[in-house]
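**Q** Could you fit the two chains together into a complex? Lean on the hints.
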Amino acid sequence: MKEQKPDLQRRSLLKALTIGTAAGVAVAASQVSVAQANESTDSATTHQDGYRETAHIRNYYNSLR
Amino acid sequence: MATMKFLCDTKRCIECNGCVTACKNENDSALEWGIQRRRVVTLHDGQPGEASISVACMHCSDAPCMAVCPADCFYRTEDGVVLHNKDKCIGCGYCLYACPFGAPQFPKKGAFAARGKMDKCTFCSGGPEENFSEAERQKYGSNRIAEGKLPMCAELCATKALLAGDAEVVSGIYRERVAYRGADNAAWK
Ligand code: SF4
Ligand code: SF4
Ligand code: SF4
Numbered sequence: 001m002k003e004q005k006p007d008l009q010r011r012s013l014l015k016a017l018t019i020g021t022a023a024g025v026a027v028a029a030s031q032v033s034v035a036q037a038n039e040s041t042d043s044a045t046t047h048q049d050g051y052r053e054t055a056h057i058r059n060y061y062n063s064l065r
Numbered sequence: 066m067a068t069m070k071f072l073c074d075t076k077r078c079i080e081c082n083g084c085v086t087a088c089k090n091e092n093d094s095a096l097e098w099g100i101q102r103r104r105v106v107t108l109h110d111g112q113p114g115e116a117s118i119s120v121a122c123m124h125c126s127d128a129p130c131m132a133v134c135p136a137d138c139f140y141r142t143e144d145g146v147v148l149h150n151k152d153k154c155i156g157c158g159y160c161l162y163a164c165p166f167g168a169p170q171f172p173k174k175g176a177f178a179a180r181g182k183m184d185k186c187t188f189c190s191g192g193p194e195e196n197f198s199e200a201e202r203q204k205y206g207s208n209r210i211a212e213g214k215l216p217m218c219a220e221l222c223a224t225k226a227l228l229a230g231d232a233e234v235v236s237g238i239y240r241e242r243v244a245y246r247g248a249d250n251a252a253w254k
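If you're matching them up, the sequences are chains A and B in order.
Position 46 (the first sequence) corresponds to 46 in the numbering used here; numbering is contiguous.
Throughout, the numbering used here is defined as the position within the second sequence, counted from one, plus 65.
Since the hints were made in silico from the structure, they are not lab data.
From the three backbone atoms N, C-alpha and C, an ideal C-beta is built for every residue, glycine too.
If the Cβ cut is set under 7 Å, some of the chain A residues that face chain B in the computed set are:
1) D49
2) G50
3) Y51
4) T54
5) H56
6) I57
7) Y60
8) Y61
9) L64
Pulled out of the complex, with its shape left as it was, chain B reads as follows (with noise of 0.2 Å):
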């Protein structure tokens, strides 16, 4: 069985923002105002050494968010992919906290300031809900892993910096690269 990786190669990287609003159109349907399930951080910008990376929910095979979410709304696919259930959520926050990478987004608005239902990259894979479902496509955008299909913020990067998919082809192209560009250009140098 696959196991679903990102990797985002930091020497190709533009920082162009195109899996961000790649993403937005593709999961349109379920994002509340102000959300975005992925983003780019730059370090050292404007400076020798410049680097960027896309990062989104990493689908952790040990999920911390999965770990402390008192309402049990997560699941890991067979795909490895960790998803979760809007219906379950409380909004409390938690999965926020404990992520290292700052995935899970709460949407900005409502009322008492209450955090509404946590949405976090779904690796374009939908939820809980029946595939291709309306719900589905409400709640949780579209379903492209159903569709035999890979994310969208991935499939539409310019530069082939971001690498989503089977974790043993994506770490082996990777290698590839690395191999030919040589280890002193290998990620962050």
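Next comes chain A alone, as it looks inside the complex (with noise of 0.2 Å):
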């Protein structure tokens, strides 16, 4: 019988890419507490739940035009 031995190689790439990723999510992760820090500062200024017109509504009104 053929002994079956682990394709080390095939492990430590995936392995690496699986880091890849995970540094790629860590990043992405940031940058979304960031933009959400700035956004719940805009809001904050405002005390309101409901619809106003905030920076970004205003910037998507201007993407439709």
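**A** Put into structure tokens, the structure is as follows:
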């Protein structure tokens, strides 16, 4: 019977890939939290829960024309 | 006070289903298996004059769902958004029969074929629970309106076909578009 040896090279490649994506996700997450922080200061100044024309919404409207 | 509305520009919709996917992703925490709050309908598919339109709840000013619900689940927010309370819902399905757009959705699985709690588009503005609470996220999904944003489906529409926001602004933008391209290309022709 042929001995079944795991292909270590393949595994290390996968490992490298997952580390790569994890780092990518971490970077993306940190960017998101920065964006959210900006957004929350935006809404904190207005003290409202309903619709109000924030900078975000104005940018959206401008993108439609 | 602004009234929130959707408007789908059929001359721009390319039936990519991006809005459907964006909604699923944004509100995933609240959506049971098989529930889809938004869908794209295509008329004359593959023929000359083909047109697509993206539909979800239209947040009717005089909402038929609200009128027929025996459990009084529905309410309208200050922004004119029709929301409902899943804790009160008895899953009777009347709202689905009353709605001209087929917006109310029901979970596909359940014991004894019971319908389960109704789910529908919230204009990405959560529900009766406290804003940004875990309960709100689990039952109704995101609350982008409270975040100072607009619905995910519309904000992500690549061709800017699906418009959402203050009815006056949105209809003004649509009017500008129609004036630019001429009445022959207004909507369905
Ligand atoms: S569920 Fe249907 S009837 Fe009710 S507000 Fe939405 S579109 Fe109108
Ligand atoms: S299914 Fe729920 S929301 Fe719809 S009419 Fe019945 S009780 Fe009301
Ligand atoms: S407004 Fe929000 S809940 Fe409604 S269809 Fe768009 S993404 Fe879905």
